[in-house]
Amino acid sequence: GQQVMQIPQYQHVQEGEDFTTYCNSSTTLSNIQWYKQRPGGHPVFLIQLVKSGEVKKQKRLTFQFGEAKKNSSLHITATQTTDVGTYFCATDSWGKLQFGAGTQVVVTP
Amino acid sequence: EAGVVQSPRYKIIEKKQPVAFWCNPISGHNTLYWYLQNLGQGPELLIRYENEEAVDDSQLPKDRFSAERLKGVDSTLKIQPAELGDSAVYLCASSPGTSGYQETQYFGPGTRLLVL
Numbered sequence: 001g002q003q004v005m006q007i008p009q010y011q012h013v014q015e016g017e018d019f020t021t022y023c024n025s026s027t028t029l030s031n032i033q034w035y036k037q038r039p040g041g042h043p044v045f046l047i048q049l050v051k052s053g054e055v056k057k058q059k060r061l062t063f064q065f066g067e068a069k070k071n072s073s074l075h076i077t078a079t080q081t082t083d084v085g086t087y088f089c090a091t092d093s094w095g096k097l098q099f100g101a102g103t104q105v106v107v108t109p
Numbered sequence: 001e002a003g004v005v006q007s008p009r010y011k012i013i014e015k016k017q018p019v020a021f022w023c024n025p026i027s028g029h030n031t032l033y034w035y036l037q038n039l040g041q042g043p044e045l046l047i048r049y050e051n052e053e054a055v056d057d058s059q060l061p062k063d064r065f066s067a068e069r070l071k072g073v074d075s076t077l078k079i080q081p082a083e084l085g086d087s088a089v090y091l092c093a094s095s096p097g098t099s100g101y102q103e104t105q106y107f108g109p110g111t112r113l114l115v116l
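For the record, the sequence lines run as chains A and B.
Every letter in the first sequence is one number past the one before it in the working numbering, and letter 46, counting from 1, is 46.
Every letter in the second sequence is one number past the one before it in the working numbering, and letter 42, counting from 1, is 42.
It cannot be assumed that every hint is accurate.
Okay, derived cross-link-like pairs now, PhoX-like style, lysine-lysine, Cα gap no bigger than 25 Å in a straight line [said to hold, decoys possible]:
| # | chain 1 | residue 1 | chain 2 | residue 2 |
| --- | --- | --- | --- | --- |
| 1 | A | 96 | A | 59 |
| 2 | B | 71 | A | 96 |
| 3 | A | 96 | B | 62 |
| 4 | B | 78 | B | 15 |
| 5 | A | 51 | A | 70 |
| 6 | B | 15 | A | 96 |
| 7 | A | 56 | A | 70 |
Pulled from the structure, derived: some chain A residues nowhere near chain B, Cβ distances all over 10 Å [what the hints assert, rightly or not]:
| # | residue |
| --- | --- |
| 8 | 96 |
| 9 | 101 |
| 10 | 104 |
Counterexamples of contact, computed for chain B against chain A with all Cβ distances above 10 Å [stated by the list, open to error]:
| # | residue |
| --- | --- |
| 11 | 7 |
| 12 | 28 |
| 13 | 40 |
| 14 | 52 |
| 15 | 60 |
| 16 | 78 |
| 17 | 84 |
| 18 | 88 |
| 19 | 91 |
| 20 | 104 |
| 21 | 110 |
Hint data in this document are derived by calculation from the structure and do not stem from the laboratory.
Source: prediction; values computed, not measured.
Think of the CB as a built atom: it goes at the ideal place given N, C-alpha and C, for glycine as much as any other residue.
Same shape as in the complex, but just chain A (with noise of 0.2 Å):
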């Protein structure tokens, strides 16, 4: 089945820094989900990326689709204590979805 590859797997930010994480595929996949789960939480929808190229924002988070449909990225700007956490991709094939290991997100104030 389709697996995506998350980088990197830990990232330390400054509060107010930008940083970026990546969802790799060797396959071209016909979604990327992304998911937050805080420290002893559950996963949480964010968004869903379907198109190539697209491009979608949330406040400070940017999400983009690769043109080839086999990346994404996932960017947040000015960062908060509150985007602590993991952050997952996944992919979604026919109902059954296949999650990265995920970039767990530092903040240090």
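Dock chain B against chain A, hints included.
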């Protein structure tokens, strides 16, 4: 609107003992999922139900795991007997449609299982 409800939230058992987890999805959601999440990893699908039918159980270790969703609403996941390697978080999720394809999945708080 109430979210996905799971119980218990925490469970500690000795190996070889049975354990059961319960999930009540969001009202009206037809598709229900059980995931396993190990520490530092993403959730892995165990089984997916469309109404009362298990449409994907290919990742469920059927020698010790079983699940049911008898009336197409709430669901139970059972492990018998539990092994040390079963220690993980068991997440339940639901989505409104009948296929789950490209749908938002809503996750419950999970059951944290520790097998001693």
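Now for the hints, and whether the structure bears them out:
Proposed proximity of residue 96(A) and residue 59(A) is contradicted: the alpha carbons are some 29 Å apart, above 25 Å. Only pairs whose Cα atoms come within 25 Å are accepted, and residue 71(B) paired with residue 96(A) is accepted, the gap being roughly 22 Å. For the hint pairing residue 96(A) with residue 62(B), the CA-to-CA distance comes to about 19 Å; that is within 25 Å, so the pair holds. This hinted pair checks out: residue 78(B) and residue 15(B) have alpha carbons roughly 14 Å apart, not beyond 25 Å.
Among the hinted pairs, residue 51(A) with residue 70(A) is consistent with the structure: their alpha-carbon atoms are about 11 Å apart, no more than 25 Å. Taking the CA atoms of residue 15(B) and residue 96(A), the gap is near 30 Å; set against the 25 Å cutoff, the hint is violated. Proximity of residue 56(A) to residue 70(A) is assessed by CA-CA distance (about 17 Å); at most 25 Å being required, the pair is judged to hold. Here residue 96(A) does not stay apart from chain B, with its beta-carbon only about 6 Å from theirs, under the 10 Å limit.
Distance to chain B contradicts residue 101(A) as a non-interface residue, since its nearest Cβ pair spans about 6 Å, not more than 10 Å. Here residue 104(A) does not stay apart from chain B, with its beta-carbon only about 8 Å from theirs, under the 10 Å limit. Annotated as non-interface, residue 7(B) keeps its C-beta farther than 10 Å from every C-beta of chain A; the closest such distance is 14 Å. The beta carbon of residue 28(B) is kept farther than 10 Å from every beta carbon of chain A, the shortest such distance being approximately 17 Å.
With a minimum CB-CB distance of about 7 Å to chain A, residue 40(B) fails to clear the 10 Å threshold, and the non-interface call is violated. Once the 10 Å rule is applied to beta carbons, residue 52(B) is consistent with being away from chain A; the minimum gap is 16 Å. Non-interface status of residue 60(B) relative to chain A is upheld: no Cβ of that chain comes within 10 Å, the nearest being about 13 Å off. Look at residue 78(B): its CB is around 21 Å from the nearest CB on chain A, clear of 10 Å, so calling it non-interface holds up.
With a cut of 10 Å on Cβ distances, residue 84(B) stays outside the contact zone with chain A, its closest approach being about 22 Å. Remark: the non-interface label on residue 88(B) is consistent with the geometry, its nearest Cβ contact in chain A lying 13 Å away (cut-off 10 Å). Annotated as non-interface, residue 91(B) brings its C-beta within 10 Å of a C-beta of chain A; the closest such distance is 6 Å. Non-interface call for residue 104(B) relative to chain A: violated, since the shortest CB-CB distance, roughly 5 Å, does not exceed 10 Å.
Residue placement check: residue 110(B) does not keep its beta carbon more than 10 Å from all beta carbons of chain A (closest about 5 Å).
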